[in-house]
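Undergrad: I would like the entire structure built from these sequences, with the hints used as guidance.
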Amino acid sequence: MAFSSGTGSTSSRRGGWARSLLPLSNSSKSKLPRKSPRKRSSPRDFIFANFFTIGLSISVLFFIAIVFRYGIPKPISSPFKPRNYRQPKFKKPIYRKPTLSKGGNEVGSAAVVDITTKDLYDRIEFLDVDGGPWKQGWRVTYKGDEWDSEKLKVFVVPHSHNDPGWKLTVEEYYVQQTRHILDTIVEALSKDSRRKFIWEEMSYLERWWRESSEAKREAFFNLVNNGQLEIVGGGWVMNDEANSHYYAIIEQMTEGNMWLNDTIGAIPKNAWAIDPFGYSPTMAYLLRRMGFENMLIQRTHYELKKELALHKNLEYMWRQSWDVEETTDIFVHMMPFYSYDIPHTCGPEPAVCCQFDFARRRGFFYELCPWEQHPVDINEDNVHEQALKLLDQYKKKSTLFRTNTLLIPLGDDFRYISIDEAEVQFTNYQLLFDYINSNPSLNSEVKFGTLEDYFQTLREEAERINYTLPGEVGSGQVAGFPSLSGDFFTYADRQQDYWSGYYVSRPFFKSVDRVLEQTLRASEMMIALLLGYCQTSQCEKFPTSFSYKLTAARRNLALFQHHDGVTGTAKDHVVVDYGQRMHTSLQDLQIFMSKAVEVLLGIRHEKSDQNPSQFEAEHVRSRYDVQPVRRIISPPEGRAQSVVVFNPLEQTRVEILMVIVNRPDVTVLDSNWSCVKSQVSPEWQHNKGKIFSGRHRLFWQASVPAMGLQTYYIANGFVGCEKAKPAKLKFSTSSNELPCSTQYTCSKLDGDLAEIKNRHMTLTFDAKLGLLHQMSHKDGSQTVVGEEIGMYTSPSSGAYLFKPDGEAQPIVQAGGQMVISEGPLMQEFYSYPKTEWDQSPISHSTRIYNGDNTIQELLVEKEYHVELFDDGENFNDKELIVRFKTDLDNRRIFYSDLNGFQMSRRETYDKIPLQGNYYPMPSLAFMQSLTGQRFSVHSRQSLGVASLKNGWLEVMLDRRLVRDDGRGLGQGVMDNRPMNVLFHILKESNISSTADPVSSHLPLNPSLLSYCVGAHLNYPMHAFIAKKPQEASVQLPPRSFSPLSAPLPHDLHIVSFKVPQPLKDSQQLHGGSRFVLIIQRRQWDSAYYCQKGMPQCSIMADNPVNLFHMFTDLTVLNVKATSLNLLHDDTEMLGYIKQLGDVAQEGHVMVSPMEIQAYKLELRLQQ
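Numbering of the sequence shown is given in the working numbering, commencing with residue 19 and proceeding in unit increments.
There could be a bad hint or two in this list.
Stated by the list, open to error - Here are the simulated SDA-like cross-link-like pairs (lysine to any residue), alpha carbons at most 25 Å apart as the crow flies: (1) 743 to 1047; (2) 967 to 141; (3) 695 to 1045; (4) 324 to 151; (5) 589 to 639; (6) 559 to 1082; (7) 185 to 227.
Claimed, not checked - The following label-pair restraints were derived from C-beta to C-beta distances: (8) 814 to 652: 50 to 58 Å; (9) 683 to 640: 24 to 32 Å; (10) 981 to 400: 40 to 48 Å; (11) 703 to 775: 21 to 29 Å.
It should be emphasised that the hints constitute simulated quantities derived from the structure, not laboratory data.
No residue lacks a Cβ here, since even glycine has one placed at the ideal position from N, Cα and C.
TA: Written out as structure tokens, the structure is:
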């Protein structure tokens, strides 16, 4: 409930907010004489005679005007809507003239905003001045008359932050703490309707709901319904925002939001993110497109908080950097102080605020106040003094914000675990509230509230009072607040403690996260295709029987997005739990996919979940903590083994594929049994004594239709086709003997330099160190690469913090073992380097490909095998990096991606330490010289990146740290595992004028080719190998599957094609829309157009996509736009672009660059 806006009125203890709609009666009679009525004129007679008719006509016209302005009211799809639920009120966007980069290139257009985080970094001196009681701020004071015209309205918001895994596993936390907390919330709130609470994590609520009695469920339901309990965020977890990919963020939010809506009927519209270690605008964008109105954040750089607080800019409208129409604006409240615990939320003086955390009294198990001033129970004797002391903190905090509506969180990690704890907080605070509210002279009203109470009251105040500063751009959505664009990395909580270590901690599991993500996406696609082309109850049994394991896979991926999961900042045994959950789901998904390919290829029309598959996944993991191994293909003489390849992308893939064979003399055939040129090369392993594993890698060029399947055969002794061509090998080794296999032609590698090349480039290596030195391009230009492998020594680093002791030192020495493989399809330089340790912590391969019209022939593939552990202590407190010391003049400016969705401009500052100049790199980083030359590094897992010197780009690969870094984990990071890190490196030259990285503060976009490289790397093809070989002489009919009527343009990406609830058939679903298609249009830099004549150059331009004609042999029906969490259908509220026609009737969909849009649809097999 909101507050009254007056200053002196006395309200009831529960507060009131609305003034009476009726006029106040005047008790005194008028002393003026009454005049005699004049004779009615003809118009007056007419009006009185037709009063009812005129009134009815006006009402009808008014109703028509309302419908014309706001549209026809839509029914609510959820079975229940809380009483306090309010449809979001988004105003129409305002177009402002965009900022353009030099040359007016469209890709450089940018939002007009009041604040950018780049401007803040330029302005702040980062001096860490001691501010007194508020160490990171200043001594806050107030005059006392600030609330004379508008009273202070304080919402105290009780909360309990429940990590789904950190020091304990999600299961251990639930059993020991969280279930008791949820029980306590229900019991405590049911006692007094003035009490409020907010809850965030659905992963815990779903478990509690399953196990709770009907009475508890009903009580919880009623608390949500009457507005006492608000679900905020409502994702499966409170996700990390640095390492998580945007696909996984959408998944985890949708999983939580849909469960909540299906079960309780609530739809969250306020987000609460108090614990992620830095914040991404991608999250703000996704929330806005999910129908959220407001969000709250906490962990941003303490100097940045201070700067925003000085100018009362802690509340702002977060706008995406490309948004010139304000369709992405979302209101943000940034908490001003060090932490979200009670000592750091009531006001600027933690020693005072701690006295009002009544659970820190003796008798509870929480830490006592470290300032030696402890809380005491409130009674008649001390209520006056204590209330004024608390109100003083509230008023000081209020001066940091523009409005007189104030938010005071009241909670901490795993709080309110018992009814005793809840009562001591609620009871003492209520006594303080009652005292303050009963004294009108204090001009304050305080009560328990939810986020919705706070934001609604704040918006009401902002509508009444103009808080806009002169010249401020602001936002058309909510007046009175500045607009801001940019991200909040890298986070520092005190001194020079920058949280850039977690960008890389536990990189093995960061890699598994992305493998699970792309496997889940491919499986969802297959299920949708199976159900689309099936349409009978009998053949639906197979995909629907997998529904429970599919849900488990979604939830295991969602769980790992938790800000102590994918970050690598949990205890060892918790990491094991996350890893085992992901491993189980990976196995389930691979088994399902191997069966699904049979049905999609028509090999078997009926398929049971119990029947064994004819195929098995080519990649297999024996345990949760080991690298995947490739299955070995070993067809006997005269037989062939089929390999089925699935392409999860929306364009046809022409690509060099690789499988492992046990013998080199094999042949590759396509599905028509035509010969395919192939190459065979040795497989290398990280073993100083034996670098050749004894197995062989077979390469061939494949073509696989968009979202489709293609079959190839690996044959032994097939007459009429040339066998795979063996690579020629050149060795450089310290021993006199060449470790050469008899199947290959070998020679010695001489000289100081070595080369491998294809028709587009030549790579030159330092043959003494085994490192990439230079790239030479077919146009005659050269790029110095200067690859260097180094290590930081970091005795103060931990899971969260990166605190190096000086700069990274090179570890590679002259010597080592090197092999060059030269073949018609792939050339490779492999190095097992010499280091000061007997066993090197790293070995690496550099590959280039020869494939006609493939993307691969334009890139350099770098694969690093990392083993940062041994039996001794050689690698303790070491952090391993690879550095590219190019000759590009980038002025230490580079660009790294945010969540795989958008780019952010990064600049290295001398005024902050080295660790503060490290940034997250979920999938891409690139440098651009002043002349437009670009050097890009694509990754398929999240890591950390920096450009510490001109022309340098360095990426951290792994870290091994003995000590805890003082952020609560209580351990270092010592559970390193062998792992491979794969990069695709792209060197591009501009073909037209491009933005100057120094003068332009805007983020630059990747080229279209760069997008394609990233998509191929992060969404690799899935191969499935027949368990049994077949007679090579018996040629089966061609086996392929091509569901799309045509490949999509390369700037259009299918984020997801899925059936959210496979068990619900179309008759059970509202409107019959069983399928969901989420599409994204990429915004690419046209200064770096694709190579002329390349097939990877098709673009959407501004033509709409026709969803009706998207699939072969499938009719698309009932196309309807929806939010990214699938719960809202009001496209104007979501900020979607206005469509040209009726999408439902015509199927034409327009997507603006950078936008992601979701559509519900139904598929019917064409008759």
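Undergrad: State the violated hints by number, sorted upward, taking the hints as numbered earlier in the document.
TA: Those not satisfied: there are none.
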